[in-house]
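Chains A and B supply the protein sequences, listed in that same order. This note's numbering applies: residue 26 is where the first sequence begins, and numbers increase by one. This note's numbering applies: residue 26 is where the second sequence begins, and numbers increase by one.
Treat the hints with care, since some could be wrong.
If several chains are the same, the list does not tell them apart, and a pair holds so long as it fits within one copy or across any two.
[Said to hold, decoys possible] Derived pair list, reagent style SDA-like, types lysine to any residue, alpha-carbon separation capped at 20 angstroms:
no.: 1; residue 1: K52; residue 2: E246
no.: 2; residue 1: K128; residue 2: G327
no.: 3; residue 1: K52; residue 2: A253
no.: 4; residue 1: K128; residue 2: W40
no.: 5; residue 1: K128; residue 2: R289
no.: 6; residue 1: K128; residue 2: A288
no.: 7; residue 1: K128; residue 2: I73
no.: 8; residue 1: K52; residue 2: P89
no.: 9; residue 1: K128; residue 2: D315
no.: 10; residue 1: K128; residue 2: W309
no.: 11; residue 1: K128; residue 2: P234
no.: 12; residue 1: K128; residue 2: A314
No lab work stands behind these hints, which were simulated from the structure alone.
Residue strings, one per chain:
There are 2 protein chains.
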Amino acid sequence: MGAQLRIDGLQYGNWSRAIFEEMRAAKLDAVHVTATYWENARELMRNIGAWHRRFEEHADLIMPVRTAADIDRAQASGRTGIILGLQNCSPIEDSIDLVSVFKQLDVHIMQLSYNNQSLVCCGYLEDEDAGLSRFGREVIREMNRVGMVVDTSHTAERSTLEAIEYSSRPTVVSHANPQSARATPRNKSERVMRALAESGGLMGFSCYPFHLPQGADTTLEQFSEMVAQAVDVMGVEHLAIGTDLCQDQPVEVLSWMRNGNWARVMDYGEGSAEQPDWPAPLEWLRGAADFPNLERGLEARGFAPSEVDALMGGNWRRFLDEALQPQG
Amino acid sequence: MGAQLRIDGLQYGNWSRAIFEEMRAAKLDAVHVTATYWENARELMRNIGAWHRRFEEHADLIMPVRTAADIDRAQASGRTGIILGLQNCSPIEDSIDLVSVFKQLDVHIMQLSYNNQSLVCCGYLEDEDAGLSRFGREVIREMNRVGMVVDTSHTAERSTLEAIEYSSRPTVVSHANPQSARATPRNKSERVMRALAESGGLMGFSCYPFHLPQGADTTLEQFSEMVAQAVDVMGVEHLAIGTDLCQDQPVEVLSWMRNGNWARVMDYGEGSAEQPDWPAPLEWLRGAADFPNLERGLEARGFAPSEVDALMGGNWRRFLDEALQPQG
Chain A
26 MGAQLRIDGL QYGNWSRAIF EEMRAAKLDA VHVTATYWEN ARELMRNIGA WHRRFEEHAD
86 LIMPVRTAAD IDRAQASGRT GIILGLQNCS PIEDSIDLVS VFKQLDVHIM QLSYNNQSLV
146 CCGYLEDEDA GLSRFGREVI REMNRVGMVV DTSHTAERST LEAIEYSSRP TVVSHANPQS
206 ARATPRNKSE RVMRALAESG GLMGFSCYPF HLPQGADTTL EQFSEMVAQA VDVMGVEHLA
266 IGTDLCQDQP VEVLSWMRNG NWARVMDYGE GSAEQPDWPA PLEWLRGAAD FPNLERGLEA
326 RGFAPSEVDA LMGGNWRRFL DEALQPQG
Chain B
26 MGAQLRIDGL QYGNWSRAIF EEMRAAKLDA VHVTATYWEN ARELMRNIGA WHRRFEEHAD
86 LIMPVRTAAD IDRAQASGRT GIILGLQNCS PIEDSIDLVS VFKQLDVHIM QLSYNNQSLV
146 CCGYLEDEDA GLSRFGREVI REMNRVGMVV DTSHTAERST LEAIEYSSRP TVVSHANPQS
206 ARATPRNKSE RVMRALAESG GLMGFSCYPF HLPQGADTTL EQFSEMVAQA VDVMGVEHLA
266 IGTDLCQDQP VEVLSWMRNG NWARVMDYGE GSAEQPDWPA PLEWLRGAAD FPNLERGLEA
326 RGFAPSEVDA LMGGNWRRFL DEALQPQG
């Protein structure tokens, strides 16, 4: 591994050269980008194809990540490595064989569910959570085998705990915060945080205002205090960043994230009929270019340089080094 | 409505002119046929297209059923009406709008799940059952609206009870038996049977050996005794036939029913590694041509002619008359 790394564990921008230039301005060495919320197999292939074009057109700014070493190569060449991931298992549909197919297409991280019940387990917005399904156990075994990271950011509590327990390899919560910082089911309980840490997993702190103590008014100091408290629970080596930045996305995309194709009546998710739009941006994280502000916040909170490095990217790098490799 | 009707509430044959000729030999006026176990939207469209060809090629033997009156037309013209149905919600994928699309394509009955957890609810082979999902409630409302019958034959207990409760229109268990006759989770508890009857629903008796008291050795007398006991619980007007005949299907199809695309290890479902094949056929129901044997069995058990007529088809006809109509 090389110098200090900056890695963002979750973004879903309205991708453009401008955003990739912001990533470079922030010296982001890798970003985990979302390629699916509700898409099926064919639709994900379209999205992957669109990434192929972006890798061609913006080869001076970004490059695909297949192994963790590609992140070092990205850094060495002054580019941002793009780690493709899914916020839902919808693209594998009901087909266990699609796990290895999408791994071959460089999909390296997959959430087991997005808000709603999936074929694998349960999302956090359901009233009831039955844990892992029969297919769900098969899927986790297969993800473990091929080296696709299990992500439970939008997964309900019981399903998350069962996934951590059932998975033979460490899992992640790529983007969420402690429920002690903000009591929403979208954030994670101390029980989940401890189980995640004990299993060698990783949680990335979200900067999405609905996940933060004071919403869009949350200060960088409050954010850094949240980090410090989580470090007490999980240990600094199990924490990282997953900003959940959805840069330049119109409200229609937010509505689609919430409603997909599944409802005839509007579902407002974390918003409401009175506040259906994106929350106001944080002053200290209006876009990818502001990523280094997090570093300044952590430094100001008193984290040692080695801790700041771990949180800002080192932990993701170490985790992915093992996690992206196929088994045996 | 016309004369006595014979309706089979579930078959999945390896469709051929020979089977349609057996249906005619049995004077079957309508058969609910399965067009999906695991198929997605596109694959169901292929299966529906195959039915279009069958309707053309065997127009002297079969015809499509769009409304219950088509069953009378089938009878009057000496043909068997084909009611298309699904044993899984997989073809609507995650899209609420596909319910009305498939209704327009004459899909009139849909199971909410097949053995495993679906996006709608839970199948009977899962360890845990969280009931209806958020999407599941949307789907039932939409099925109620367009006139697509909710079927919970392979659905787990809690999900079945919640579907009966949540649906504004009566639901069916197209093919299953009382658990008192054979204690398998694939059969239905007295609690489900009573809730089904109270809501105006219908249960069709299965002749699949794994659902019967003595397996393939079950006699017609034992079958008829099972019917009589269920009549005591539900009332004769809520019971019918759904043979679950899978005529001329090779073992590969059985294996596909059980495994779909979801497992890398073989799942034997109701069978076992020692007995992976189809169960031996019942002596008194080797194929569709034997359907009238059920009538003889019920007569011998002492059912009145009006009761026999209700069980053999009258109840399905009455139920579908209302159930297939769109609402308001």
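Right, here's what the structure says about each hint:
In this assembly of identical chains, the alpha carbons of K52 and E246 never lie at most 20 angstroms apart, being 22 angstroms within a copy and 79 angstroms across copies at closest. Taking identical chains as interchangeable, the C-alpha atoms of K128 and G327 are never at most 20 angstroms apart, the minima being 39 angstroms within one chain and 63 angstroms between chains. In the homo-oligomer, the alpha carbons of K52 and A253 never lie at most 20 angstroms apart, since the shortest distance is 24 angstroms inside one protomer and 76 angstroms across protomers. In this homomeric assembly, K128 and W40 never come within 20 angstroms of each other (Cα to Cα): the closest approach is 22 angstroms inside a single copy and 39 angstroms across copies.
In this assembly of identical chains, K128 and R289 lie within 20 angstroms of each other by CA distance solely across copies; the values are 16 angstroms between and 34 angstroms within a copy. With identical chains, the CA atoms of K128 and A288 are at most 20 angstroms apart between copies only, with a shortest distance of 17 angstroms across copies and 30 angstroms within one. Taking the shortest alpha-carbon separations for K128 and I73, only the intra-copy value of 12 angstroms comes in at or below 20 angstroms, while the best inter-copy value is 33 angstroms. Taking identical chains as interchangeable, the C-alpha atoms of K52 and P89 lie at most 20 angstroms apart only when both belong to the same chain, with a minimum of 16 angstroms there against 64 angstroms between chains.
Taking CA atoms no more than 20 angstroms apart as the test, K128 paired with D315 passes in neither setting, with 31 angstroms inside one copy and 51 angstroms between copies. When the C-alpha separation of K128 and W309 is checked against a cutoff of 20 angstroms, the pair qualifies neither within a copy, at 35 angstroms, nor between copies, at 51 angstroms. Proximity of K128 to P234 under the C-alpha cut-off of 20 angstroms is found in neither arrangement, the shortest distances being 32 angstroms within a copy and 42 angstroms between copies. For the homomeric pair K128 and A314, neither the shortest alpha-carbon distance inside one copy (30 angstroms) nor that between copies (50 angstroms) is at most 20 angstroms.
Violated hints, listed in ascending order, are 1, 2, 3, 4, 9, 10, 11 and 12; each of the other numbered hints is respected by the structure.
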